[in-house]
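Student: Listed below are the residues making up each chain.
There are 2 protein chains.
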Amino acid sequence: MYDLIIVGGGVSAFAAALFAGRRGLTTLVIAKDIGGQANFTDLIENYPGVKSIGGYELVSKIRKQAEEYEVEVLSAEVGSLKSANKAFVLTAYGKQYKTQTVVLAFGKTPRDLSVPGEEEFKGRGVSYCANCDAPLFKNKAVTVAGVGDLNLEACLLSARFAKKVYVLSKTDKLTGHPALLKAVKTKQNIELIPFVQILEIQGREKLEALRLQDLKTGKEKELKTDGLFVELGYVVKSQFLTGLLQLDKEGQIVVNQDQSTSVAGIFAAGDCTNRPYKQAVISAGEGAAAGMAAYDWLMRKQGGRGLTSDWTEIKRVKS
Amino acid sequence: MYDLIIVGGGVSAFAAALFAGRRGLTTLVIAKDIGGQANFTDLIENYPGVKSIGGYELVSKIRKQAEEYEVEVLSAEVGSLKSANKAFVLTAYGKQYKTQTVVLAFGKTPRDLSVPGEEEFKGRGVSYCANCDAPLFKNKAVTVAGVGDLNLEACLLSARFAKKVYVLSKTDKLTGHPALLKAVKTKQNIELIPFVQILEIQGREKLEALRLQDLKTGKEKELKTDGLFVELGYVVKSQFLTGLLQLDKEGQIVVNQDQSTSVAGIFAAGDCTNRPYKQAVISAGEGAAAGMAAYDWLMRKQGGRGLTSDWTEIKRVKS
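Those protein sequences? They're chains A and B, same order as listed.
When the letters of the first sequence are read in order and numbered with my numbering, they come out as residues 23 to 341.
When the letters of the second sequence are read in order and numbered with my numbering, they come out as residues 23 to 341.
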């Protein structure tokens, strides 16, 4: 039986581990991937106190800090979480793990296009992270299909490497931050393909072309491309929590001021919560608070004083 | 007219400045002291991503990051904040500053004993930060008057430098974390003085003695001491906001999920909010979110799209 199991492998998960570990909680981190969203970021330049750092490097540093307090890390994907006999049971790859408290910090996952061929060519031309993979398409032709600023940023970064960048739009324009739009217009190798949607992703060994539909005429056409960046934002994969905890309509975990969820003993932090702004340092702060809140809750459960004098004052969502 | 004025000079204030500055808001930071609570911390070892850093050094680094985006910093104390004609007016040392949005990030202030002589001997033997000043009392006799873990930590740190550490209690025991209590008991040079309270702080040029009252007999006695650490926790000095914003019973500013307060256009972050756990990284995360929220609010006010799709979904406290 652990004091705390943390689900996730990014900034918020390891920040929670650091704060719980420092307080002596026996802590297990179950991570599907180490790095989380930070992996999708080449260079973080807005983490207060750190001038500039790679996303993976930041997570590795926090993990190292946490591991100084004997935090364990397991590479596995959590399949279920259940409340059982005043404790919690998680399953991962068929094994069961028991714990007194849980911090959910599993972040977000890129949204799919949901078209034929997408699954087949993932990692073979289809990427969900221009920030990570743009340099792989040096002097090639790539296509960007996305929304808002993510879309524009993917175009700009791709244009630094690729010979040609096609950007698809269902209308005849792009949307996003004016400064980004302006920058996109100045790039000679970015070409807008208006009024289209992707019907299928095609190729042999790897992605070779997209079958597009012209939304004005209904006609189909083929676009030859070596790469496709899907930049549709992110979803919270919280289906395994349905019926256990309160989620919002986007599947984000509803949290209180103290990172507690609608189930006593379960906390959440980072991109998987319903806090509106998503940034590395915000995740770190939420993770730290969740680690402290788990400790606090456990101390009170054991009859101790806890960390905050006004704990009972916190407004909470109902189960 | 600024886009944003930030009140405070600590981690949360400069994190907010960094995130607002990066988004191009014209930003002024009005700080009474540079450093905030972080100044009271010798070494921060739980800031995720940074192995170990001095409190002042951390704040200086964040300030430097923010100043790369033309954020201005003014050393002054804000006397009032008023809503005026769809904007806000702050006064500091008799001058007025106009702004479209405000982030309140002025942290907490150490709580006083409120006894005669305290004001007189502040900085001349009376300190509110054992973490900062314990090394000044090498081989001397110091007294600690405080509560909980803060009290115990002040005793332990003082005991490393002082010849003798007196710790005062209104009962016959100390309270706090079991590990800290155990550590205090093992120190030969820490002596508990039970059932007492301080009546007066005495001295000539500097602190020389405390006049104590025995709570069992009512009798008075004198305790010779070179230093006094007052460790009673912190208060939020938010009196200047009374009637403008919703405060909790401790004077903390009530914030929503997005760091907004009960007044549209005013945000708050860090130790002055009603979020329950107070740590450097939590302040940094809240500051970042407040900076983004101020930008977001301003964009929407100007008819733009804003940063979050679910902005209207955020549950807010009422004015």
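No lab work stands behind these hints, which were simulated from the structure alone.
Be aware that one or more of the hints could be misleading.
Remember, identical chains collapse to one label, so a pair may be satisfied in a single copy or spanning two.
[As the list claims (entries may be wrong)] Taking lysine-lysine pairs in the DSS-like style, the calculated list, with each CA pair at most 30 Å apart, reads:
| # | residue 1 | residue 2 |
| --- | --- | --- |
| 1 | Lys73 | Lys243 |
| 2 | Lys300 | Lys86 |
| 3 | Lys185 | Lys323 |
| 4 | Lys86 | Lys73 |
| 5 | Lys83 | Lys300 |
| 6 | Lys104 | Lys162 |
| 7 | Lys300 | Lys108 |
| 8 | Lys271 | Lys238 |
| 9 | Lys323 | Lys195 |
In this text the structure is predicted, and so the values were computed from the model without any measurement.
Student: Regarding lysine 271 and lysine 238, is the shortest C-alpha distance of 30 Å or less found within a copy, between copies, in both, or in neither?
Tutor: Classified as neither: same-chain Cα gap 32 Å, cross-chain 61 Å, threshold 30 Å.
Student: Cα distance capped at 30 Å. Does lysine 73 pair with lysine 243 within a copy, between copies, both, or neither?
Tutor: So lysine 73 and lysine 243 fail the 30 Å test inside a copy (47 Å) and across (55 Å) alike.
Student: One pair to classify: lysine 83 and lysine 300, alpha carbons no more than 30 Å apart. Within, between, both, or neither?
Tutor: Cα proximity of lysine 83 and lysine 300: in one copy and across copies (20 Å, 22 Å).
Student: Given a CA cutoff of 30 Å, do lysine 104 and lysine 162 count as a within-copy pair, a between-copy pair, both, or neither?
Tutor: Cα proximity of lysine 104 and lysine 162: none, with 48 Å in one copy and 57 Å across.
Student: Pop the pair lysine 86 and lysine 73 into one bin, within, between, both or neither, using alpha-carbon distances up to 30 Å.
Tutor: Both: 20 Å inside a copy, 9 Å across copies.
Student: Can you give me the call for lysine 323 and lysine 195, within, between, both or neither, at a CA distance of at most 30 Å?
Tutor: Only across copies: lysine 323 and lysine 195 sit 23 Å apart there, 57 Å inside one copy, limit 30 Å.
Student: Is it within, between, both or neither when you check lysine 185 against lysine 323 at 30 Å Cα-Cα?
Tutor: neither (61 Å within a copy, 39 Å between copies)
Student: Please sort lysine 300 with lysine 86 into within, between, both or neither, judging by C-alpha distance up to 30 Å.
Tutor: both (23 Å within a copy, 23 Å between copies)
Student: Within a copy, between copies, both or neither: where do lysine 300 and lysine 108 come within 30 Å Cα-Cα?
Tutor: between (32 Å within a copy, 29 Å between copies)
Against the hints set out earlier in the document, violations occur for numbers 1, 3, 6 and 8.
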